[in-house]
Amino acid sequence: MKSRSLFFLGAFLLVTGGASLMVGTSGILPAEVLFGLWRGFDSPTTRTIILELRLPRIVLGGLVGGALASAGTTLQGLLRNPLADPYIIGISSGASLGATLGMFLGMTPFAVPAYAFAGGLLTIIAVYFLARRGQHLPVVGLLLAGIALGAFLQANVSLLMILGEEQMRRVVFWLMGGLSGATWKDIGSVLPYLAAGFGLVLWRSRELDLLAFGEGDAQRLGVNTEAAKTALLAGASLLTAAAVSVSGLIAFVGLMVPHMLRLIFGPESRYLLVSSFLGGAGLLILCDTLARTVLSPAEIPVGVVTAFLGGPFFLYLLRQYGKGELW
Amino acid sequence: MKRLVALVLLLILAFSSGCGFGGGAQEGSSLTPRRIVSMAPSNTEILFAIGAGDRVVGVTEWSNYPEEALELPKVGDAFNINFEAVLALEPDLALGIAGQEEAAARLEEMGVETVIIAPTTIAETEESLIEVGRRLGLEDEARAVVAEMEERKEAVLGRLSGASRPKVAVFLDPNDLWVAGSGTFIDELVQLAGGENLATAEGYFQISEESLVAAEPEIFILTYPGVELLESRPALAKTPAMLEGRVHVVDGDVVSRPGPRLISGLEEIARILHPEAF
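Keeping their order, the protein sequence lines are chains C and G.
Under this note's numbering, the first residue of the first sequence is numbered 318, with each subsequent residue one higher.
Under this note's numbering, the first residue of the second sequence is numbered 694, with each subsequent residue one higher.
Mixed in with the good hints there might be a few duds.
Unchecked claim - For the chain G half of the interface with chain C, some residues (derived, Cβ under 10 angstroms), not all of them:
id, residue
1, 701
2, 771
3, 777
4, 792
5, 793
6, 854
7, 877
8, 917
What the hints assert, rightly or not - A few chain G positions that, by computed beta-carbon distances, are all more than 10 angstroms from chain C:
id, residue
9, 744
10, 750
11, 802
12, 857
13, 911
Source of the hints: derived by calculation from the structure; they are not laboratory data.
Here a beta-carbon is modelled for each residue, glycine too, at the ideal position from N, C-alpha and C.
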């Protein structure tokens, strides 16, 4: 049952990605796209649009959606909190501040993502050390430190925006998030970190399940809880920081996709992580496609579409399964 | 701990080298651009003003002046450029504004020469007009436009004796008291028109009702209709401006978009501030 559902998710991803490649503002016909992919494109403009605009946007959308969803799954398990999302531990605020500082220092658009990434990672390290008590990392402390530091850093971003009139617009665009300017270079930058992050959390997926019983019980079952928590946190942080640095803050995916898939797949982390990645990837591609076609040539912020679609769909799922609990 | 720091720095370094020094900025073509995309309404106005209107193939939403621009294909809005729409028009030049650096870099990467102009004063606006004119081979036309701007500006200044400088506040949003402070175009227009801008902080900001009332403003200017919103505040309603009914609405586009119409804005504000001189 589970592998069949995984297969379905994979198929959903491929179909969504493929369909997304066929549609867009410029009115290129799907037939032209297919022909071009198979035999080569006649028009260099069409070629650029399909291969340099749409395709990287779709691929990056899949990677970011998958990263956010699997980070969300990991953090919900690690923090034992169904309301956790990838941004709750402060990474997104740190990345925003990094990006803002980068812009204020006059960095080129190519360097800003690196600043965002740095900001995100440095923040989670600070949160880690703030929360740690000796050799022990209490998850409540992690949550609280993350929220507190995140709020503080976010306030710094707001302050900088008020003080720095000229850069404000640029910062606002960045914060709104989205996949609009996605390039193959962006994909190349984040792929290693996404792979490393996902690898880490998948490696420790068994421990993630056992931690759900509570750390005391997990330890009695032989789990090295501190090592597991650190690895899971590191993995989720890499996934989130990499995603945010190239696509800004896209809300909802990291919070809802794990819940949606948990209702279908159950809570076993091994399957849940992989299905979250596939599901998050497919969902974000779908939402981004709608975002860029529904009101064409205007683009709706993708976070609006994800919330619009995801919310009601999740409620529907809840009713279908007749469960009141999200766990 | 040290190892952790080293690891993190290594990760960050690797990330930034991956981002790389892309830029593939194409060699600036020396050919005169014939298909231009305007990435902001102010640039649309500039392009049409210097006679390049027939070369504009795409504009962003809100490019509402001149009227011909309303018919042109849209490429998104200034906050979110639709790259696919831009590329589909096969432009050889895109004209952007401050804040669009990311979009500009992306367009350059895809082979579209993109120039960003970011004037903050009338003088800089005139320079931008000439710069754009030069790039389009319309330098003479641009200089003519600038000359006319200067002439009209001098005409306005000439009529002002400089005796009194009424105290003015210009609202962008009368509901939340957003005003135009120092360094904005509106501020420059108010000062040139012989007024004292009570919004002394820099940029656009929310002024405190208290400080506004304490300054005893004589004239209120609104960039969008909404006098009732000011009237509903009891303290403001007692200011000289409100009591004497010296509250005026102007077209927000005309007084804040960098372009030739700034001078029309100047004329309008001067007439409001010093009706006796016109």
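Verification of the hints:
The criterion of a C-beta within 10 angstroms of any C-beta in chain C is met by residue 701 of chain G, whose closest approach is roughly 6 angstroms, and the hint holds. Taking 10 angstroms as the C-beta cut-off, the interface hint given for residue 771 of chain G holds, the closest approach to chain C being about 9 angstroms. For residue 777 of chain G, the shortest C-beta to C-beta distance to chain C is roughly 5 angstroms, which falls under 10 angstroms, so the interface hint holds. Residue-level restraint check for residue 792 of chain G holds (minimum Cβ-Cβ distance to chain C is 3 angstroms; threshold 10 angstroms).
Using the Cβ-Cβ criterion of 10 angstroms, the hint placing residue 793 of chain G at the interface with chain C is satisfied: the shortest such distance is roughly 8 angstroms. At a threshold of 10 angstroms, the smallest CB-CB gap from residue 854 of chain G to chain C is about 34 angstroms, leaving the interface hint violated. Hint on residue 877 of chain G holds. Least Cβ distance to chain C is approximately 9 angstroms, under the 10 angstroms limit. Taking 10 angstroms as the C-beta contact cut-off toward chain C, the hint placing residue 917 of chain G at the interface is violated, the least distance being around 20 angstroms.
For residue 744 of chain G, the requirement that its beta carbon stay farther than 10 angstroms from each beta carbon of chain C is met, with the minimum near 26 angstroms. Listed as outside the interface, residue 750 of chain G is consistent with that label: its C-beta sits roughly 13 angstroms from the nearest C-beta of chain C, beyond the 10 angstroms cut-off. With a cut of 10 angstroms on Cβ distances, residue 802 of chain G falls inside the contact zone with chain C, its closest approach being about 7 angstroms. The non-interface label for residue 857 of chain G is consistent with chain C: the shortest C-beta to C-beta separation is roughly 30 angstroms, beyond 10 angstroms.
With a cut of 10 angstroms on Cβ distances, residue 911 of chain G stays outside the contact zone with chain C, its closest approach being about 27 angstroms.
Going down the numbered hints, you'll see the structure goes against 6, 8, 11, while the others check out.
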